[in-house]
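There are 2 protein chains.
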Amino acid sequence: MTTSQRPRVVIIGAGFGGLSAAKSLANKDVDVSLIDKHNHHLFQPLLYQVASAALTAAEIAMPIRHIMRKAENVAVYMNEISAIDQEKKIIRTIYGREFSYDYLVVATGARHSYFGNDQWAEFAPGLKTIEDAREIRQRVLTAFEKAEMAETEKDREDYLNFVIVGAGPTGVELAGAIAELANHTLTGDFHHITPESARIILVDAAPRVLMSFDEELSQKAQKQLESLGVEVRLNCMVKHIEPGYITLGEEKLSARTFIWAAGVQASAAGKWLDAECDRTGRVIVNEHLTLPNNPDIYIIGDTAHYIPEGEERPLPGVAPVAKQMGNFVAQDILARIKNDKRPRFKYKDYGSMATIGRNRAIGDLNGFKVSGFFGWLMWCFAHVYYLIGFKNRLIVAFRWLVSYLTLNRGVRLIIGGGKISDLPHKTPENDYQV
Amino acid sequence: MTTSQRPRVVIIGAGFGGLSAAKSLANKDVDVSLIDKHNHHLFQPLLYQVASAALTAAEIAMPIRHIMRKAENVAVYMNEISAIDQEKKIIRTIYGREFSYDYLVVATGARHSYFGNDQWAEFAPGLKTIEDAREIRQRVLTAFEKAEMAETEKDREDYLNFVIVGAGPTGVELAGAIAELANHTLTGDFHHITPESARIILVDAAPRVLMSFDEELSQKAQKQLESLGVEVRLNCMVKHIEPGYITLGEEKLSARTFIWAAGVQASAAGKWLDAECDRTGRVIVNEHLTLPNNPDIYIIGDTAHYIPEGEERPLPGVAPVAKQMGNFVAQDILARIKNDKRPRFKYKDYGSMATIGRNRAIGDLNGFKVSGFFGWLMWCFAHVYYLIGFKNRLIVAFRWLVSYLTLNRGVRLIIGGGKISDLPHKTPENDYQV
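In the order they appear, the protein sequences are chains A and B.
All residue numbers for the first sequence refer to the working numbering, where the first residue is 1 and numbers rise by one.
All residue numbers for the second sequence refer to the working numbering, where the first residue is 1 and numbers rise by one.
The list treats identical chains as interchangeable, and a pair is accepted whether it falls inside one copy or across any two copies.
In silico DMTMM-like links for lysine to aspartate or glutamate, alpha-carbon gap of 25 Å or less:
no., residue 1, residue 2
1, 348, 278
2, 154, 98
3, 128, 349
4, 88, 98
5, 70, 196
If you are wondering where the hints come from, they were derived from the structure by calculation, not from laboratory data.
Given the structure is predicted, the values throughout are model-derived calculations rather than measurements.
Given the sequences, and given the hints that come with them, work out the whole structure.
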């Protein structure tokens, strides 16, 4: 409302990167506008738990303006970008309002990609937003309901086949969580089916699961998955997905529930900025994380392609990278305003983890490898610790404790559509109707 | 799966009535099929707390098959009824499967009614299901977001006007909860608006709020509402609702968010059964709660019209009536099977309560009247006590405690659609787009 002569910073996106930048600029001598198309920040690493009915959306999301309420210089807007005018230094939005900037931070993340087969999206939803997680939860839970009512053995089997494409962390975590759901949580709840007879099939074209970890941990993860009853199919290409069928290599497999956890595609930032991108759409940035030809536009997180000096591969699209980038650009902006020295971006890698089912995880913490139950404890601690919001932390910890002790998932609600007649399950016979 | 000679009972609907019937028949010598179009039982009295961002859906809902898991003779189906064939004693469903019955319990509840103005539904959603609650929450929260970005003072004011039609328990509870949201929870979260300046207008054609309570309690409730900043407009008819405007008597009021808490319409059971109904669609039943001309079909809860002997008005559509009816019909069915004596239905009224905002309530417990903070404590106790599921009880109690102490609502998520461009707010200028 007040006009000021302070430098204006506009941050687009309140994921790990944008939020970290906003927090580092809080109560500094700049005016910050933080714009996101959602009203909440999402703790994405736990999204698979919403998809598998272990947590509610509210437990892993937090209103952005509540997180930033103590920051008087940060205004939060729920809005969507329609264009960036680099010459006039203006952001245009779908809501009509314009935002002028001196410095722009683009942190608009990524979506899943179907490698050019966008028509598969309808049959095999991906997992990036809360809506995605609800969609998957709904399909998985409804599949068991429909299996219970199936009139032929074939129908029953088809409804109990779950195919997850992509054995990266998301695919592995989803497969483990759905296996737990079938083998423990739902046991005894049905009269005509045994949920334990569900087949959970995890498919990847790569030769091993969790390719970003080393081979020893990959093998441990695969063993842990198999001990939960997950069928792991490696070196296996998805050729086609259609209602009721997925073609894996030469085999046509009959199933009703498919989940896509394979490719990733960066946001459209590259197009807005008319910038050079890599093949997944990430914008190539320099050592200050700006466009090479425009020092006032920073790109961070899953939308940025940055190869650290002396390395070969760009930094991965994970939360710690985004957070460190967000903090870095905030410091860089402040340094420029004060004409201070500007260091280049350096990523400090503390390691990575992936969880498998209810009480196992693997982790590589800078060469210190953990797995099994001890890995899971570390994973729990790290995730609860990083969850934003005191209340959420306590509730999540409490819910996990109760879930762990009772195997009861309190969140097994089929909502959205809600009535069975509104729920999607494409079958060969009839579209979205059973 | 097994054929049996036991009497078959089909229960349609797993609200308070149907669930109570199923529980009373659990592990008795009958085969029960419990059919509901949702997979969850909903604790409807707290639905307004989901709509006003105080609780999550998972905290007031529970999977039906989980509730019934210990009942080996009760099979749960997520399905929808398409027809009832009274001659063949068969239920037909949209899923295709048929259910034969010896005894049928219809407990299909009620929806809100727009008194013949169904075109208002789009502008003024009602509150009966979880989807409804989410829709209202989304509209209320988005209104504040859009007010924050409004470019004219008029727009800003319009987005901060909330009109609730109907001053029964749902309307009163919603008005109080939205007032608390504006006056306490959201305070300090915005830069361009003061949420406290929101107008919450509660409208009813009746001469007082909460007509089902006595006049003294009505007046107390009105005072408590007004102390929260709610404008109560009585003797005031809604003539018209259109995008951006509501016409109250002669006044055309400009607003963007309308909520409908006025009329109630029973489910379509009357039509399926070709039975005599009252003007809100409730089926007229006899003292055994069956159709007068078909002793094998029971109707209970919000779908039943039953006037106890010696009284003038039918029993109200509230949870205790439905629960007692459900238990009664279960006992009546068992009595018939054993050729026992069949008593007539008698309702035992323990009183009723309504809550106003964060820490006030009124109640009439068989002439023992409570109000204010003490009333609220009783209300809390009663509602947490009746919430199904041990974990839910603890989580709700814990969340309420934290909410009460911190005034922070953890559930302020705008989901469904999710992105601001997908969110509805009809304005005079452009439909569902701002």
